[in-house]
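Student: Using the hints provided, position chain X relative to the given structure of chain A.
Protein chains: 2
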Amino acid sequence: MGGRTAASVDHMARLRVGVLISGSGTNLQALIDDCARPDAASEIALVLSNRSDAFGLTRAARAGLRSRTIDYRAHGSRGAFEQALTDALEAEGIELVCLAGFMRVLTADFVDRWRDRLINIHPSLLPAFKGLDTHARAIEAGVRFTGCTVHFVRAEVDSGPIIVQAAVPVRADDTAESLAARVLREEHRCLPLALRLIAEGRVSVAGERCLIDAAAPGGALVNPAPDAQE
Amino acid sequence: MGGRTAASVDHMARLRVGVLISGSGTNLQALIDDCARPDAASEIALVLSNRSDAFGLTRAARAGLRSRTIDYRAHGSRGAFEQALTDALEAEGIELVCLAGFMRVLTADFVDRWRDRLINIHPSLLPAFKGLDTHARAIEAGVRFTGCTVHFVRAEVDSGPIIVQAAVPVRADDTAESLAARVLREEHRCLPLALRLIAEGRVSVAGERCLIDAAAPGGALVNPAPDAQE
Chain A
0 MGGRTAASVD
10 HMARLRVGVL
20 ISGSGTNLQA
30 LIDDCARPDA
40 ASEIALVLSN
50 RSDAFGLTRA
60 ARAGLRSRTI
70 DYRAHGSRGA
80 FEQALTDALE
90 AEGIELVCLA
100 GFMRVLTADF
110 VDRWRDRLIN
120 IHPSLLPAFK
130 GLDTHARAIE
140 AGVRFTGCTV
150 HFVRAEVDSG
160 PIIVQAAVPV
170 RADDTAESLA
180 ARVLREEHRC
190 LPLALRLIAE
200 GRVSVAGERC
210 LIDAAAPGGA
220 LVNPAPDAQE
Chain X
0 MGGRTAASVD
10 HMARLRVGVL
20 ISGSGTNLQA
30 LIDDCARPDA
40 ASEIALVLSN
50 RSDAFGLTRA
60 ARAGLRSRTI
70 DYRAHGSRGA
80 FEQALTDALE
90 AEGIELVCLA
100 GFMRVLTADF
110 VDRWRDRLIN
120 IHPSLLPAFK
130 GLDTHARAIE
140 AGVRFTGCTV
150 HFVRAEVDSG
160 PIIVQAAVPV
170 RADDTAESLA
180 ARVLREEHRC
190 LPLALRLIAE
200 GRVSVAGERC
210 LIDAAAPGGA
220 LVNPAPDAQE
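Protein sequence lines correspond, in order, to chains A and X. With the first letter of the first sequence counted as 1, position 201 gets the number 200 in numbering that gives the first Met the number 0; the numbers rise by one all the way through. With the first letter of the second sequence counted as 1, position 31 gets the number 30 in numbering that gives the first Met the number 0; the numbers rise by one all the way through.
Mixed in with the good hints, there may be bad ones.
It does not matter which identical chain is used: a pair holds within one copy or between any two.
Heads up, simulated EDC-like pairs for lysine to aspartate or glutamate below, C-alpha to C-alpha not over 20 Å straight-line [claimed, not checked]:
hint : residue 1 : residue 2
1    : Lys129    : Glu139
2    : Lys129    : Glu91
3    : Lys129    : Glu176
4    : Lys129    : Asp32
5    : Lys129    : Asp70
6    : Lys129    : Glu42
7    : Lys129    : Asp86
8    : Lys129    : Glu94
In case anyone wonders, no lab produced these hints; they're calculated from the structure.
Next comes chain A alone, as it looks inside the complex (with noise of 0.2 Å):
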């Protein structure tokens, strides 16, 4: 990717990505509809799956996306699940991996072995809420702002340089469940956005941080607005 510059899209080929899923899939689903600009820099190349009821495998056939399920269980080990997993990815040549709402822990061999090479998008405003149960954590806290992260991974669980990030009011009545779908609606812009980014090759990492170049179209994107004011 380090060569890859917003000017020079067009004659490259676009970013192989691949994209694993556990569930239903909507982060997936923007990243599809962005993938599908004609301008687009990535392609998805591969969805994986750990699970093979996961409603993100109808979205994949649907949009004609090569799928597999890779079952924890079928696998002796995390190793040789994770093995399977770069397998299928190397396979396929794929240059980017997006975790999107993946819900198995990786462990620090994968992770080192796709460094800067791996993003997963988190529901909160890091380096607040890391782990599960972010929006519950969040009202109980009281926080008047939370968000989502899309970051590198690194071994240490939701860390990592950050990508983008976009906040979002949290309302005095906010459940939850009201929460989680107004920051999901952000993850489906800083998903792809992120991608979007890598693909274009403005985003590169020093000393833990991404720099960002911005100066390129659509540079005005990289905080987004959070919502208007309540």
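Tutor: For chain X alone, coordinates are given in the frame of chain A:
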């Protein structure tokens, strides 16, 4: 404060506020300016500094406010220092204590004595970036949003029920200084807003969360809008 309502403010004495400072006192100035409104529900009845050279003391004098320096070094112990603070506050009938750049950590004894009558402003979106050097740490972490938080004080540093927060975008070229300046502008909005909400009887603490009665006039300000998009 329990019985205060927005409607009854006109008929009540103003909430007597004590402000604790250590430095230049720009947040104190924001409170002074806000309390100068004819319909202000609070008044700054005392300014205490732990440093005799704090410029905030000059601001207090210019505004005709009563002020005092209570020097930690003049007291034999942390307990004696805090007792002197409490004595001074109680002598003036202070009902709410506001830490506005007060740079000494207070003990659990002091915090418990003023429980739910003691507020602090912290330059981050808590629970992220508790402690010192928040802006440098936010830049180091590569976050796209930081902000400020006004909260009731608990014994654990920079924790407690959140009254008001504002989100502030971090720009790619920000230094700790430029970011601090942008966050400070929001601090100057948030601290008076928090004081106003409390003085108007619109803040209650339940289960370590603040409930804000936003139905009264000004409710739209409970979540100040972040700066415009980059």
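Student: Indicate, hint by hint, whether the structure satisfies it.
Tutor: Structure-based check of each hint:
Taking the shortest Cα distances, Lys129 and Glu139 sit within 20 Å of each other both inside one copy (14 Å) and across copies (18 Å). Neither within a single protomer nor between protomers do Lys129 and Glu91 lie at most 20 Å apart by alpha-carbon distance, with minima of 31 Å and 44 Å respectively. Only within a single protomer do Lys129 and Glu176 lie at most 20 Å apart by alpha-carbon distance; the minimum there is 18 Å, versus 28 Å between protomers. In the homo-oligomer, the alpha carbons of Lys129 and Asp32 never lie at most 20 Å apart, since the shortest distance is 28 Å inside one protomer and 39 Å across protomers.
Neither within a single protomer nor between protomers do Lys129 and Asp70 lie at most 20 Å apart by alpha-carbon distance, with minima of 26 Å and 41 Å respectively. Taking the closest pair of Cα atoms, Lys129 and Glu42 never come within 20 Å of each other, the shortest separation being 29 Å inside a single copy and 41 Å across copies. Taking CA atoms no more than 20 Å apart as the test, Lys129 paired with Asp86 passes in neither setting, with 29 Å inside one copy and 42 Å between copies. In the homo-oligomer, the alpha carbons of Lys129 and Glu94 never lie at most 20 Å apart, since the shortest distance is 26 Å inside one protomer and 37 Å across protomers.
Consistency with the previously given hints fails for numbers 2, 4, 5, 6, 7, 8, ordered from lowest to highest.
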